[in-house]
Structure formats: structure tokens, C-alpha cells
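Protein chains: 2
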Amino acid sequence: MSLQTLIPKFEFEQVLDSNPQTKTMALLGKIESKPAIITVEKTNFTFDESLEGVLPQGRKCDSEFSCINAIDKISTITENDIYHWGLCTLQQDIEKNPTAKLNLIWPATEVHIRKYTQQQFHLVEETPEVYEKYVVPYIETMVGDRIKWVRNILHEGAEADRVVYNDLDKENGFILLPDMKWDGLNLDALYLVAIVYREDIRSLRDLNPSRQQWLKDVSLKIRKAVSSSYNHQILPDELRLFIHYQPSYYHFHIHVVNITHQGLGDGIAAGKAILVEDVIEQLNYLGPKGFKNKTISYAIGENHDLWKNGLKEVQNKRLKELGLPTELPAGEFE
Amino acid sequence: MSLQTLIPKFEFEQVLDSNPQTKTMALLGKIESKPAIITVEKTNFTFDESLEGVLPQGRKCDSEFSCINAIDKISTITENDIYHWGLCTLQQDIEKNPTAKLNLIWPATEVHIRKYTQQQFHLVEETPEVYEKYVVPYIETMVGDRIKWVRNILHEGAEADRVVYNDLDKENGFILLPDMKWDGLNLDALYLVAIVYREDIRSLRDLNPSRQQWLKDVSLKIRKAVSSSYNHQILPDELRLFIHYQPSYYHFHIHVVNITHQGLGDGIAAGKAILVEDVIEQLNYLGPKGFKNKTISYAIGENHDLWKNGLKEVQNKRLKELGLPTELPAGEFE
Chain A
1 MSLQTLIPKF EFEQVLDSNP QTKTMALLGK IESKPAIITV EKTNFTFDES LEGVLPQGRK
61 CDSEFSCINA IDKISTITEN DIYHWGLCTL QQDIEKNPTA KLNLIWPATE VHIRKYTQQQ
121 FHLVEETPEV YEKYVVPYIE TMVGDRIKWV RNILHEGAEA DRVVYNDLDK ENGFILLPDM
181 KWDGLNLDAL YLVAIVYRED IRSLRDLNPS RQQWLKDVSL KIRKAVSSSY NHQILPDELR
241 LFIHYQPSYY HFHIHVVNIT HQGLGDGIAA GKAILVEDVI EQLNYLGPKG FKNKTISYAI
301 GENHDLWKNG LKEVQNKRLK ELGLPTELPA GEFE
Chain B
1 MSLQTLIPKF EFEQVLDSNP QTKTMALLGK IESKPAIITV EKTNFTFDES LEGVLPQGRK
61 CDSEFSCINA IDKISTITEN DIYHWGLCTL QQDIEKNPTA KLNLIWPATE VHIRKYTQQQ
121 FHLVEETPEV YEKYVVPYIE TMVGDRIKWV RNILHEGAEA DRVVYNDLDK ENGFILLPDM
181 KWDGLNLDAL YLVAIVYRED IRSLRDLNPS RQQWLKDVSL KIRKAVSSSY NHQILPDELR
241 LFIHYQPSYY HFHIHVVNIT HQGLGDGIAA GKAILVEDVI EQLNYLGPKG FKNKTISYAI
301 GENHDLWKNG LKEVQNKRLK ELGLPTELPA GEFE
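As they're listed, the protein sequences go chains A and B.
Using UniProt numbering, the first residue of the first sequence is number 1, and each one after it goes up by one.
Using UniProt numbering, the first residue of the second sequence is number 1, and each one after it goes up by one.
So here's chain A without its partners, still in its complex pose (with noise of 0.2 angstroms):
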């Protein structure tokens, strides 16, 4: 069945997400009794694609939807002196200026509707005791054959045809892949992940001193690999380079952003997001355990299995101590 005979026949249940800043929605809904999820996200303005690569002076704005010859109706919200604020209607056409992206998923499962679903964050100190207690047994279950799809990429060719650049070297190897979050084109957007050949580190937590010179090595190389995989147009100081704590998987892996990357939501946020050059940098003063020695703050969804697994009685504990609520007051949304 196609998009145009499903949406119709969707019914609405609840609002899973909604982004101010994105402009994107997630609706849960039923179509023929079973689950459907409905993701919509708006399109950003169009202006005359084929200059693209032009210098801006060379920016025409003559086709019917570009730039500002889409505006239709206009209304003044307010004025002050040199400013003006309004809103507006525009010209839309399917083919050419449609206004929004689409995507269903239908039948959804529970993982899906869960994944869809804004949770609520918390934001967790992990002390060098709660990593030994909590988040090392975790880890425990996310390796092996958690992370098999990770050596099918390193030794087995999958995914051979997205690979970037190829480092063999067993000690300061990496391969480079564009992460799914990346449409490969726009290098505003370069979104790239490079993955190490050794399977000694599992997380920011395994890093210490004798592993700075390492790091150093394999982020320069890094570095120029991208600058050189796309033709210097993008200059190796114009990348940020961070590791998350926690990552979604536990072998060592590098997340190589467009500095002037914006809106990646969470992946890049302070609390999530720690600079390469950070962590070595930090290497000089954390003694010989590294990052073992250090307390970690990070934000956690309500949905991870860290913190349903312990994490939540460590923070509940923890915000007492401080004097701090550790929920809504009751009633309030009843």
C-alpha cells in the first residue's frame, strides 16, 4: 500500500515528540488496528541549487520558489525601529517546494514507538566507585556479540562500499564511515565516525597516560585523512573530533563533525560530547589510572538500561543528599 492510501486511514493516538527547533513531530497512531508511527520534519527553504559551490555573489534568486519569491501572504507580528518581525504563508508545490518530509512506520513495534518517545534526562555524576559497580557489569553485556556488526565492518567488508578511508595499521588504524545521520552530500553537514583497529578500549573510562601519544597520533591522523578524502574542502582544523560518555557502543570510536556543524541535538552537547583534544589534554593531570580516577557527569535518558539498572537509586541517593526533589510534585499533571 502506498504513503497516499496509508496516511489517510491513520488514527490518532498521542504526540510522541515535538521539536521547536527542528521543526519535526513524532504522532503514534493505528492504521487497520495496528501501530503506526508518523514522523514529519519541515523542509528548509529552498534557493537556486544549481549555483551551489558558486560564490554567494553569483546567487541568483530567479526560480518561482526560491529565496524569498515563494512568500505569498505576509502578517506583521510587531515593529521597532529598524526591526520588524512577521509571519508567512508560501507557495508550495509537490513536486517542487513541498513543505514538509514524511515517513511511516507501519507496523510499528514497541522498540520503535520507545525509540520515538521523548524521554525525560537526568543529569548523573559517575563516580569512579559507581563505574566499578554499575557501568562495568553493563558493559559486560554490550561487547561480544553486541558489537559483531562492528568487526564485520573491521575485518569482514561489510559495509565496504561507505568506507571513507581505510587505516590497516593494528596499532594507530582507523576506518572512516559516514554515520547514518550524514546524507553524504552537503559538507556543511559532514558527519563522519571513525572506528580503531584495537579492541582494547571500550570507552573514555580505558584511557590513561600511556594511551595519550596514541590519541594525539590517531586524531592528527584523523584529521588529515578527511581533509584529504574530500579534497581539502574542508580545511583539518574546521573538524571537531569528541567521543560520547556514554557511547552507544563499547569498542573506541571517534565522531568527526564539520565544525560548523549545528543542530545535532544531544550528540554534541556538553554532557554527552567531550572534545578529543579535551581528553588529552586532561591525560596530563589524571595520574597513571587515567579516566578511571575521574567523576563523569553526563545526561541520561530515563530510558537507558544504565539507568534502570542502578543509576536511577545512585542519583535518587544522591539528590537527597543535596537536598534536591527527586520527582514531580504529585498531582501536578494528573
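Simulated from the structure, these hints should not be mistaken for laboratory data.
Careful, some of the hints might be misleading.
Think about it this way: if two alpha-carbon atoms lie no more than 25 angstroms apart in a straight line, the pair counts; the simulated DSS-like pairs of lysine-lysine are [stated by the list, open to error]:
id : chain 1 : residue 1 : chain 2 : residue 2
1  : A       : Lys216    : B       : Lys312
2  : A       : Lys73     : B       : Lys73
3  : A       : Lys216    : B       : Lys170
4  : B       : Lys216    : A       : Lys312
5  : B       : Lys170    : B       : Lys115
6  : A       : Lys224    : B       : Lys317
7  : A       : Lys216    : B       : Lys292
8  : B       : Lys181    : B       : Lys115
9  : B       : Lys101    : B       : Lys34
10 : B       : Lys101    : A       : Lys96
11 : A       : Lys101    : B       : Lys73
12 : B       : Lys30     : B       : Lys73
13 : B       : Lys216    : A       : Lys317
Chain A is fixed; fit chain B onto it per the hints.
The following block gives chain B in isolation, referenced to the frame of chain A:
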């Protein structure tokens, strides 16, 4: 003159910036021979606002423009198993469902044009030596009358109607205000700034272990104050507290956002934003001189005065030492 009169007179010259994540575009042109900047931003999807705050299960999708009711034409891009991708147009209404927000600055100055123009960013390493040689003299030019507006807020009652919370303690006190980027309504996008009363901390560089307890106390007070100011609808551990380096003004202040807030662009990113908890933690290691002793890496735009007055040369020297190119290959964009 009203927007309705001015916009049709706009003569397009160039696209200053375009952001596919936030669906925004900035255009430069002329109106009556004087420079004009138009910025446009797509609106988010609507759902019946009368039901906001009610549990999601209670939400209805019954207004004409709410949820998927606004969807007009649909075209399919591709289908694969349970996944369906498409595009659509939406019913519009200048009053009830406008498609974009529209701002006009006219006549615009050079400063406006620079502000809305996309700049190149670079990742720089600021060593303690670079800080002393280039940044300290720069900060000297950025204090005094340049931050008179901050003292007006703290001591003269400026913007008093916007103040959310005011703790007058000279040592541990701060004033809490909504950031300009926040609409002041949607708690999901909550964004406040806490400006401290003490004047002896100009930036991260002035933090050392003697100020660790102070910073702990202030950040805990901020978490409590924000939560109670919004009737505990947001909990203290659901806030992300961070500072900027470089900050945009040199009087110590802390950014406070809802931890779920996404899409703040560069302002929340690793390489610009530093979690307050991480600052506190690093003061355990950095020695008596604290952050004065550290090499700090951050992203800086080519329009920043620090880049133009020193950091560019420092960076070029460093990149040469690392064997990295410092400019785009000649002829690439001619």
C-alpha cells in the same frame, strides 16, 4: 512602512546563511537602495494547544491544522518493508497555520550583515602562553564600559521585569534572566542565564581551587532556584549548566537550559560549552593556578576579534608544525 509593503520591494543580492537543521535562511538585499536583511524560519507543527500540559493520552488531533489533519498532497519517495518515506504539502492559513516566521532588518548596518553571515570556524588550542599574550589584552578591551549593561542589570534595575530570581548575596548571589533565545513559554526549550554578583571572575581562566566550593554552592543554588521558579515542573537534575569559553562578555555567568533542549547550535557544543560539573571536577587536578595553567581547545569564528588579532597567526604556525594545510587549495572556488 509595513512588512507587507517592504518585502515586495526587496532586491535579492545573496544568501548569507542557510541551515537545513533549523530550517532557517538569511538573505541580503536592498530596499530603496538601502541594505536589508531578511531572515526566515519555518514554524513547528501545531497540535491543539488547549491540551498542553495534559497527559499525552488525552491529546486530541481535531483542529483543522493539528497533527496530520493539515496534510494536503502526498508523494512517495520510497518504501522498504515497514518503512515508508515521502513528501507532502500542508494546508496553510496566515492566521491559524502560517508556514514561516519572517524578520526584516532595514536599513541594516555592516554589523548586522556580519552577524548574519556564515563564518568559517577553526579549532584552536589556547595554551597558557597564548592566553597571556593575546587573550588577556583582548579581555582588557572588553570590560569597563563594554559590560556596563551587565552592571545595569545587577545594580541599576535594568530589565527588572524579566528577572526570574534574584539572590542578592554579594559573595554567592546571582541574578537569573531568560536568555534572548528563549520564548519564555515552552519549558522544553527553557534557557536562562545566571549572572553572578561578584566581579572578580572574568572567565573560566580565573577559576582555581580556591573557588571550587563557591562554584559548587552557586550551581546548586541555581538548580534549586530554577526548579522552584517554575513550580518544580522541571527538576533540578533536569537542567544542563554550562559556561562558554570564550564567553561573549567577561563577567562570570552560567547558562542554564532544559537538559532535553536541542538545537542550540554551537552554544551547547563541546568545544564551546563546558559543563559546570566538569569545571568543578577538573579543579581537583589542575593545581593551585587552576584553569590559568591549562591548554583549552575551542572553536572560533574568523569574525572574532581574537582570531583577527593574534590567534590566526598562532594557528597557522601550529598547523605548519603539524604538517597540516592552512588554506583551501588555490583555484578551487574561482
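Structure-based check of each hint:
1. Lys216/A <-> Lys312/B: 22 angstroms, holds
2. Lys73/A <-> Lys73/B: It holds: about 20 angstroms lies between the C-alpha atoms, which stays within 25 angstroms.
3. Lys216/A <-> Lys170/B: Not satisfied, since the Cα-Cα distance of roughly 44 angstroms exceeds 25 angstroms.
4. Lys216/B <-> Lys312/A: 22 angstroms, holds
5. Lys170/B <-> Lys115/B: 35 angstroms, violated
6. Lys224/A <-> Lys317/B: Holds - the C-alpha atoms of Lys317/B and Lys224/A are around 17 angstroms apart, at most 25 angstroms.
7. Lys216/A <-> Lys292/B: 23 angstroms, holds
8. Lys181/B <-> Lys115/B: 15 angstroms, holds
9. Lys101/B <-> Lys34/B: 22 angstroms, holds
10. Lys101/B <-> Lys96/A: Roughly 21 angstroms between the alpha carbons, so the hint for Lys101/B and Lys96/A holds.
11. Lys101/A <-> Lys73/B: Cα-Cα ~12 angstroms, so holds.
12. Lys30/B <-> Lys73/B: 35 angstroms, violated
13. Lys216/B <-> Lys317/A: Holds, at roughly 18 angstroms.
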